[in-house]
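J.: Residues per chain are reported as follows:
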Amino acid sequence: MGCFGSKEKEDPEKKTEEKKYSWDKREKIDPALYTVENLNDEFVIREPGSIDGQQFIIQNCKNTRIYLFDHIASITVDDCVDCCIIVGPVMGSIFIRDCENCKFIVACQQFRTRDCSKLDVFLSCATQPIIEASAKLKFGCYQLNYDGLKEQFEKSQLSLFCNNWCNIHDFTPVTEKSNSSLISEECSLNEMFPGITDSSTSKLNISTNRGDSVVLVSLGSRPKPSLDSCFVAVFPSNSSYQVARNIVTLLKDKCVLVQIREINLTVGDLKRIFPNSDLSVHHAAISSGSVIGIELNGDNCCNVCTDVVSTLPPEEQRSIYSSLNKDEVSGETERFFDFCDIQMNN
Amino acid sequence: MGLLKLLRKLKSESNKELRILLLGLDNAGKTTILKKLASEDINHITPTQGFNIKSVQSQGFKLNVWDIGGQRRIRPYWRNYFENTDVLIYVVDSTDKKRLEETGVELEELVTDEKLSGVPLLVFANKQDLLQAAPASDIADGLSLHTLSGRTYQIQACSALKGEGIQDGLEWVMKTVSKKKK
Ligand SMILES: Nc1nc2c(ncn2[C@@H]2O[C@H](COP(=O)(O)OP(=O)(O)OP(=O)(O)O)[C@@H](O)[C@H]2O)c(=O)[nH]1
Ligand SMILES: [Mg+2]
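From first to last, the protein sequence lines are chains A and B.
Okay, so the first sequence: first residue is 1 according to my numbering, each after it adds one.
Okay, so the second sequence: first residue is 1 according to my numbering, each after it adds one.
Bound conformation, chain B alone:
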C-alpha cells in the first residue's frame, strides 16, 4: 500500500468514515434505498444518469454512500468508483427473473476485480413486497454466492419501499466492519 493511501486510510479510520459503494442493474432500487437511508421522499426518483452521493450517520460511523446508475450503457464506468471502497452493497430486483443471469454476470465482474478484492459484500434482495419476488435464497443461488471465496458476504431480503430489511443489512455492515478494523 502506498504511503498516501495508507495515510488516507488511517485518517478515515480515525474519523470512522466508511465509503460504501451501491451497485446493481438499472431499476434494482439503489437510489430508492439511498433516499430511504437519508429519510427522504421516494415517490419521485428519476432513473440515475450519473451518480448520487449521500452521507448518513449510523452507530457513530459516517457512511458515505455512492449510488451509481445501473443502465447497461453506463456500467463500464462503475470501475471508476472502486478505489478505497470499504463495503460493496449489490442491489437485486428480486422480481426480475428475466435478468437474474445478467445481474449475476455483472456481480461476477465485480467480485473478480482486483480493486474490490476482500471488500465485504452485502447483497440486498430488494422488492420483497412485490407479488412475484423470488425469496432471498433463490437469489443467492442465482448469483452463485456460495462459490465466493476469500470474502465476507451476506444476503438480506428487503423492501426499500416499505423500509423493511434495510436496517438489518446495515447492521451486518457495521458489525462486519468493526470486526475487520479491530
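Looking at chain A on its own, in the form it has when it is part of the complex:
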C-alpha cells in the first residue's frame, strides 16, 4: 500500500498541537554552556553544580586539559588529540570517537569507543565496556575522590560496587595482538593528569590515592599474588556500603581486592550460590537491598579475613558472611560473580 502524502503528514502536526511533551515545555538553555570545543593548549575546570546532570559535548580539542567535576546525563568526546579528560559520573553513555593519545578518568553506565587510538582510561563502568575499530587502548580501575563525588554517583544511579573496568568487549579484534591492555599499576595519576590537585581545585579536596577512591580499586584481570583467596558477602543494612569499605581497607596490607559486586538476590538465588552454607539468618535482609560480594586474595586470606571481621562491631558482624571453609571459596566466588555477569547481560 502506497499511502504516503497529505493524510499521513497531517497526523504528526495534529498531534504536536494536542500533545505537549516535557521537552516542549522546558526552559531554553544555551547548549554552548555545556560544550567544550576547538581549544588548543588550554585548561578547563568545571566545578560541582556547574553541569548538574545535563548532557555534555567535548569536541575538536588539542593538548587541552578538561576536568569536569560534576555528574552528567550523557557525553560524546569527538576528534580530540593529546588531551587529559576527567568526567564525573555519567548516567548514560560516554562515547569517544576519532580521538588519539588522550587520557580519561570516567565513571559511567556504558563505555563506548570507535576509531580511536592510544587512550589510557581509568574506568568504572556498570556494564561491559565496548570498543570498535580502536587500537592501543589501556584500561585501569577508576581511582578518584572529591567532595560530593559519592552523591554524584547516587544522582547518576551508578553503583559504587558494579565495576566492569577490565572486562572489555572488542567488536573488531585483530589476530596478532589485543587492542586493549592494562595500565601499569605504578602509574601516577597526579603525573598523568597535571594540575588535578593544584591550588585551583584545592577546595574540592581531590584525591587520587588508591585508599581514598570512592570506587574501591580492584585487581581485575591481573595475576593474583597468592594461591589463597577468600569470599565475603555483606548483607543489606543501613551501613553495608561502609561495612564493605571497612573490610577492604582493614585488609589492605594483607590482601588485595580482586573484584567486588553488588546484586539483588532471592532466597532461591542464595541457595544456589551457597548450596553448602546455611544463610537462613540473612533471608529476611535480602528483600531490603542488594548483597555485596567481595573476592580477596593473599596468603592465608581466609584466616586473616576472619580475624578482621571479628574486630568489627557486633551488629556489623551479623551482616557479614565469609567462607570459613577453604574448599567452598572457589565455588562460591565463581557462582556469585557468574550470577552477576548473567544478570548484567540479559
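Some hints could be false.
Cβ pair distances, simulated, as ranges [as the list claims (entries may be wrong)]:
1. B:GLU109 - A:GLY211: 28 to 38 Å
2. A:SER277 - B:ALA38: 40 to 50 Å
3. B:LYS62 - A:PRO223: 48 to 58 Å
4. A:ASP147 - B:LYS16: 52 to 62 Å
5. B:GLU114 - A:VAL174: 28 to 38 Å
6. A:PRO223 - B:GLY163: 38 to 48 Å
7. A:ASN264 - B:LYS62: 21 to 31 Å
8. B:ALA38 - A:ASN300: 18 to 28 Å
No wet-lab data here; the hints were simulated from the structure.
Built from N, CA and C at the ideal position, the CB exists for glycine as well.
Position chain B with the ligands against the provided structure of chain A, taking the given hints into account.
T.: Chain B with the ligands alone, transformed into the frame defined by chain A:
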C-alpha cells in the same frame, strides 16, 4: 508469495502476532526502548553484541520485537532479520549531530532493500530529554524522509529514559497495521 510463506502469514494474522524489527546505529537507544516496552529496569543495559527479542502485548496484539545491535561492524547482519517483518522501527539518537548523515545512509540502505519494501516505517527521534537533542522535524529533514515513496511512515519524538512518546509511536504502529490488514 510461496505457499509456505502465505500459510505462515495467515497463521500469524489469525493470532494477531506482529514481527517488529528495531534497528538504528549503536548508542541510539534501541535496547532501552525494548526494555521500557517490557517494563524492565533500564539502568544496566550493556551495548548489544548480538540481538535481543521480547514479546509484548499491546491492544490485543502480540508484538515480537527484535532488537539488533547497531555497531558498525555488525550492521551487515541486519539483513538476516528482514524476512517477514511487519513494521520497521528505526531509532535515532537526536543528539548525535556528528552521525546524522551516517544514520541516514543506513536507513537509505534499509528502505531500498527489496525484502523490506512496503513495510511501514516508524522513526523514533530518541533522547529528546537531552539538552542538545535536535527536534524531530530536523531529524526528518536529515534523513530525507519526505523523499520516501511507496511507504507509510511516521516520525515520533521520544525519550526512552522518561518513557515519553514511546506509547504514541506504538499507537501509530497498531493503527497502521490494523488498516493494512483490513
Ligand atoms: N538521556 C537519555 N538517554 C538514553 C535514552 N535512550 C537511551 N539512552 C541511553 O543511551 C545509551 C545507549 O542506549 P542503548 O539502549 O544501549 O542503545 P542501543 O541502540 O541498544 O545500542 P547498541 O546495542 O550498541 O546498538 C544508554 O546509556 C542509555 O541509557 C533517552 O531517551 N534519553
Ligand atoms: Mg542495544
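J.: Against which earlier hints does the structure fall short, listed by number upward?
T.: Hints 1, 2, 8 contradicted; others consistent.
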